[in-house]
Amino acid sequence: MSDALIHALGLGVEITGRRIIDGVSLSAARGQTVAIVGPNGAGKTTLLRALAGLIPSEGELDVGGYDPRIIDAATCAQTRAYCAQKPVSAWDYRVRDLGDIIGDPVGYADWLAKLQLGEFAGRRLSELSGGEQKGAHLAMAFAALAEPFGGALLLDEPAASLDLGRQEAVTQAIFAFAQAGGACVVATHDLSFAKRCDGVVVLLEGRLVAAGEPASTLTPEIISGVWGASASSVR
Amino acid sequence: MTVTKAWMAGCVLLAGLVVLALSVGTQGFGWGDGGSLLLLRSPRVLAALAAGLALGIGGAAQQGVFRNPLADPGLTGVFGGALFGIAVLLGLFPEAAWQRAWFIPAAAFGGALGTSALLTLIGSGGSSARLLLTGLGLNAFTAAGTLVIASRSGESRELLTNGAYGDWLGMATLELTWLPVVLCLLAALLLLPLARSLDLLSFGEDAARGFGCEVGRTRRKAVLLTALAAAAATCLVGQVAFIGLLAPHLARALVGPRHAYVLPLSALLGAGLLLGADTIGRGLWPQAPLSAAAVTAILGAPLFIWIARGRHE
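So the protein sequences, as listed, match chains A and B.
First residue of the first sequence: 1, per our numbering; consecutive thereafter.
First residue of the second sequence: 1001, per our numbering; consecutive thereafter.
Hints may be right or wrong, so weigh each one.
Said to hold, decoys possible - Derived, one-sided and incomplete: chain A residues facing chain B with beta-carbon distance under 8 Å:
| id | residue |
| --- | --- |
| 1 | PRO87 |
| 2 | ALA90 |
| 3 | VAL106 |
Hints in this document: simulated from the structure, not taken from any laboratory.
Every residue gets a Cβ at the ideal spot worked out from N, C-alpha and C, and that includes glycine.
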């Protein structure tokens, strides 16, 4: 456990009296990518926000060498980056401005190119499609870290609403980031992406159903059990 | 337009405007014998510059912190609060109010901070409509309060009414204005370092915190300093709407939305707009000058509507 870059033990989140995350443990070592999967409302986004230290939680938490709930925001941001499912911007920045804002225009341009968005640098965000805007915000999250080595990246549905080519580019960028010595935790609905990760965490109604290698967690039994169970609970 | 060119053009225009402003007035064109008129007019010009600067940068900061292009200390009730603060002081302690230079600025700051706090508590976190409606309510309440106090206090009545119409620049003397001028500059200087945090805030609270911005601290600082800017500007001019709205819009149209450019350029444009408005009001009708606030509204409102239309096309 000591070499884990992202480590949570017995994490719990309660929002207005409702328990959204209950006793979840999760760990991603240097070089690893871990997928959080589960049906809608399972708590994937809440878990990711709790890992990022953006909402209060109970339990042990160590992300990129710090407990993000305690450490000051600026120090934390050196080794932990987060990208929301639907990033927003109040002002219509140019794509390249985002690199200046996080203070690393060169690194940002680099990640932008890796996400096949290099030619959009001079455009305004409003001139981009939803998927392209998401890509620009992802590049910002990648580049916000001081360096990939030792960095913890928390991404919420990074490839949703992207076309197939760019989906693969994002996937490659995530794996490249991990290979450079970082760790990624990715909330996703994409089970084929999850199967390519080093670890998978299956979440249902805020609780762990299964955790471990894809081969042992994404079995037909668990998949039908989890997504079937959610379907029956809706009814 | 590049940033450097915009800056140079702005500074040259402003310098020209200052010379013009120093040359026109009720006593005719020119600087008078041995610059006597120059000396007479310079406090007013200085006050207009400082107040406009504070209004411009204050508007930009408030828009940044509320993530809303329609936020403006004039529309959100912060000016109203500042004037109400002054009215309360003048109403309760008509003599004591003038005994120390900082009494009136402090009262204005208290009022501005009060409405800012209410605005933040009630109006933020929701839609544009909620922010602006809260501001509308605060404006109406403080305006009514100011009016009530003005109508009950004989000696301060004219003074407060003039303040409500943004017509205080005419009284500018160095004794009255030096402290608010310093406070305007101080608020502007302290707002400039918030540029990066305001940029990060535009991506929402989660993202901003994720990228290392202390969201709560940034908000408190921006709200406090905007209140200070609005209070100091109110002490100099009274109530002026539109400059806090117009200056940041023009700045964004010229150099894009990054706050590192928008904040200083809004300050420059705000100074130019208010001084320009005051100069037009004095220059065109030297016998019966129009208040800076009236000229700002007459020229600013159509310009603002034109900008608003252009942005959506």
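Just to be careful: measuring from the Cβ of ALA90/A to every Cβ in chain B, is the smallest value less than 8 Å?
For ALA90/A, the interface hint holds, since the closest Cβ of chain B sits about 4 Å away, which is under 8 Å.
Does the interface hint hold: is PRO87/A within less than 8 Å of chain B, judged Cβ to Cβ?
6 Å, holds
Checking hints one by one. Is VAL106/A an interface residue toward chain B, by the C-beta closer than 8 Å rule?
17 Å, violated
This entry does not satisfy hint 3, going by the numbered hints stated previously; all others are met.
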